[in-house]
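Model the placement of chain V on the given structure of chain W, informed by the hints.
Order-wise, the sequence lines are chains W and V.
In terms of the UniProt record's numbering, the first sequence has 235 at position 235, counting the first letter as 1, and numbering is strictly consecutive.
In terms of the UniProt record's numbering, the second sequence has 55 at position 55, counting the first letter as 1, and numbering is strictly consecutive.
Worth flagging that the hints you see were computed from the coordinates, not collected in a lab.
Keep in mind that this is a model prediction, so the values were computed, not measured.
Think of the CB as a built atom: it goes at the ideal place given N, C-alpha and C, for glycine as much as any other residue.
It cannot be assumed that every hint is accurate.
What the hints assert, rightly or not - Below, a sample of chain W positions facing chain V; criterion: calculated Cβ distance under 7 Å: (1) A52; (2) V130; (3) G248.
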Amino acid sequence: MSATPGPATERREVAVVAFAQSDHARDTAEVSEAELLLPVLQDALGQAGLRAGEIDFTCSGSSDYLAGRAFSFTMALDSVGAWPPIAESHVETDGAWALYEAWVKLLTGAAETALVYAYGKSSSGAVRDVLTRQLDPYYLAPLWPDSVSLAALQAQALIDAGDTDEAALAGIAARARTDAAENPHARHSGPVPPGDYVVRPLRTADCPPVTDGAAAVVLAAGDTARRLCDRPAWIRGMDHRIEAHALGVRDLTDSPSTRLAAERAGAFGQPVDTAELHAPFTAQEVVLRKALRLDDRVRINPSGGALAANPMMATGLIRIGEAAEAVRRGASRRALAHATSGPCLQQNLVAVLEGDPR
Amino acid sequence: MPPTSRTPDARTDAPEVLSAPLVVEFPFTRSLGPVQSAFLTGLRERVVLGVRTGDGRVLVPPVEYDPATAEEIRDLVEVGSAGTVTTWAWNPAPRPHQPLDTPFAWVLVRLDGADTALLHALDAPGPDAVRTGMRVRVRWAAERTGAITDIACFEPYEPYEDGATQEAAPHSGEFTDPVTGITVPARLDYTYSPGRAQSRYLAALAGHRTVGERCPSCRKVYVPPRGACPTCGVATRDQVEVGPKGTVTTFCIVNIKAKNLDIDVPYVYAHIALDGADLALHARIGGIPYDEVRMGLRVEPVWRGDGRYPDHYRPTGEPDADYDSYKELV
Chain W
1 MSATPGPATE RREVAVVAFA QSDHARDTAE VSEAELLLPV LQDALGQAGL
51 RAGEIDFTCS GSSDYLAGRA FSFTMALDSV GAWPPIAESH VETDGAWALY
101 EAWVKLLTGA AETALVYAYG KSSSGAVRDV LTRQLDPYYL APLWPDSVSL
151 AALQAQALID AGDTDEAALA GIAARARTDA AENPHARHSG PVPPGDYVVR
201 PLRTADCPPV TDGAAAVVLA AGDTARRLCD RPAWIRGMDH RIEAHALGVR
251 DLTDSPSTRL AAERAGAFGQ PVDTAELHAP FTAQEVVLRK ALRLDDRVRI
301 NPSGGALAAN PMMATGLIRI GEAAEAVRRG ASRRALAHAT SGPCLQQNLV
351 AVLEGDPR
Chain V
1 MPPTSRTPDA RTDAPEVLSA PLVVEFPFTR SLGPVQSAFL TGLRERVVLG
51 VRTGDGRVLV PPVEYDPATA EEIRDLVEVG SAGTVTTWAW NPAPRPHQPL
101 DTPFAWVLVR LDGADTALLH ALDAPGPDAV RTGMRVRVRW AAERTGAITD
151 IACFEPYEPY EDGATQEAAP HSGEFTDPVT GITVPARLDY TYSPGRAQSR
201 YLAALAGHRT VGERCPSCRK VYVPPRGACP TCGVATRDQV EVGPKGTVTT
251 FCIVNIKAKN LDIDVPYVYA HIALDGADLA LHARIGGIPY DEVRMGLRVE
301 PVWRGDGRYP DHYRPTGEPD ADYDSYKELV
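The shape of chain W in the complex, shown without the other chains (with noise of 0.2 Å):
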C-alpha cells in the first residue's frame, strides 16, 4: 500500500541526492538563523551541483516560539536567494514534513528538483518551557508541564509495563553518545555519566543535549536525480499520522501511528538494515522499535539519533537525511528514517529509502 496521492498510476520516482547540517552547538548567538543556515545551503546545492535559482521548489521548517518572533522564517530567506521570485513553501514543525511537502510537489510532476531546509535555535529560550506552549491550550498549558516531565511519564509507564527499566534506558544512551563519536556534527559524544535524575525517572542522560543547527537536503525526480548524484537515496515510501491529543487518552507504551505511517510507507514489506530513529528521549526508542518491529539485526540511529543532538525542527530532517547519506555511501541497502513532534511522540513520520541495486 503506497501513499501516493491521485490514482494508483506508476509513480515518479524521487530521491534524496544531497544532505548538508550544521556542526549542531548549545548555543549559536553569535549568528543570526540566515548566517547559521547559510553555508549549510551552499553545501547541500554545492553536492548537487545547483546553483540557488536552478531550485524549482522550496520549503522550509522551522517554528516562530523556539526564536519568539512572529513569521521568524521569513528572515531565512535571505539565504535562500530569493529573487528573482521562487516557488516556497514552510511548515510549523520539523523539516522532516517540509521534505514531505516537497516530495508530494515532485510527485505530482510540478517540480523536478526541491530544497528542503530547517533550523532551530534552542538556547534563545527555555526550551522546556516553550515547547508547553504547542500543548492543548485548555487543559494542560495552564499547568505548563515540560517536556521532560511528559516524556518522564511515558517512561514510567513503560516501566510499569515492564517494557524497560532504567538499566536498559542507559545502555540506549550509551550505545546512542559512544555511535555519535563516528558523527562529526554531534554535540555530545563518548560515553557520558547517567547523571542525576532530571524528572524521574529520566536521567540527564536520558534527555537529548539542547541544541542549536540547521539541515538542508536537496530532492530530484527521475533521471535528474540519476544526473545529480552518483547513487541517489530514492524515497520509496512515506506517509505520517498522528494520535489523539490527550496524553490521558493513549497508551503511552505504544504509538499506533508511527505503525500505521510505517505501514503506508511500505517499511513492512521487506526488512530494513538501518534505522534513524527522532527518538529525543531513550525511553521512545523503545516505543519506536516496538511500533516499527526493529529487532537486533537493524542498526539503530548509527548517528547517535537525537541524544547526541537535537537542534529543534531540524532533528527529523536530520533523520532522513541521514538515512540517505547510509544508503548514498553503500553502508545501508534499505534504510528507515522517523521524524517525530509534540509531546510523548504526539506525530509520527515514516520514510524508507532505498539505493539502486549494485
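What follows is chain V alone, placed relative to chain W:
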C-alpha cells in the same frame, strides 16, 4: 534594559555580538464550547464532569468529538473527585508557573467512573510515596474561576474505601453563571541575538554611521545587512558605509495615530535610498509639511539625544534627485 555584548568572536571581524532580553507575553482569550464550558464551570463548583462516547467510554477531561470516530459527543456525566494514578514522574525542581513550587509528582489520574486519565500535579513528600495504582483525590483551589487550575493538585487518598469506586452518573452540565471563556496568560523569556551582520550594523548606528554589506556576486550593497544576499543566496562580508544623505524613493501619508506613539498625524513615512545603498530603508520624514514630501526629495538623518537610530529624516535643501538615479530602487 540595554543590550549586552559578548566576548569578541575571533572568527569574524565583528567587534562584539549583541544580545538583549526579549519577552513574549500574551493573554490568550479563548471561548469555550458547550462541553469545555460545562467541565470548567463544574470545576469551579467542585464537580468533575466527563463525556460519554458512542461506545460508552467516559472521557475525562471531556472533549467535544470522539477521538476514535470524530463523532460529536455531548453526553455529560459526573465522575468522582478521587481516582487512581496510571503513571507518574517525580519533578524535583518545579519550573515557573507549574502547579506547585515544591517538588511534586506529575500524574495521570483516572478518576473513578472515567476511562481516560487527567494530567495534573500530585503533592507528595517524595518519590517513595508515589506509585502507579495509588489512590489520590482532588485538592481544590481556595479560589476557583473555572479553569484547570481550580484543581490545585491531587493528594494521596489511602486506603481504598473498601475498593468501592464511584460510577459515572448522568449530569445536565447546567450551572448558574456558566464560564464561557478563559483568559490564559503566557510569558516566555528569550535572549535575542541578532547575529554578526546586524550586530555590526547596530554597533555602527550607535556611532551615528550607517553600514551596509556588499554582495561579492551581484555587487549590490544591502542595508540593513543580514549577512546574506537575498538575490544570490551567498554570504555578504564587505562592509560599506552608506549615506548619511539619501533620496526619498516613495512614501505614504499616515493619518491614524498608533497607540503609544508620540507623533502628530498626519505624518509621512518614506522609503529612503541612502547614497551608496542598493536597498531603501524606511523612516519618518520631518521638517517639511506632509503634503510637500515628494519622490526624489533629498534628505538627511536627525539624531535625538542618545538615540540608537535616527529619529527621522529631514530635507537637505539640495535639488531633487533625477528619477533615473533612483528608479531601480522604487
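Numbers of the earlier hints that this structure fails to satisfy, in rising order: none
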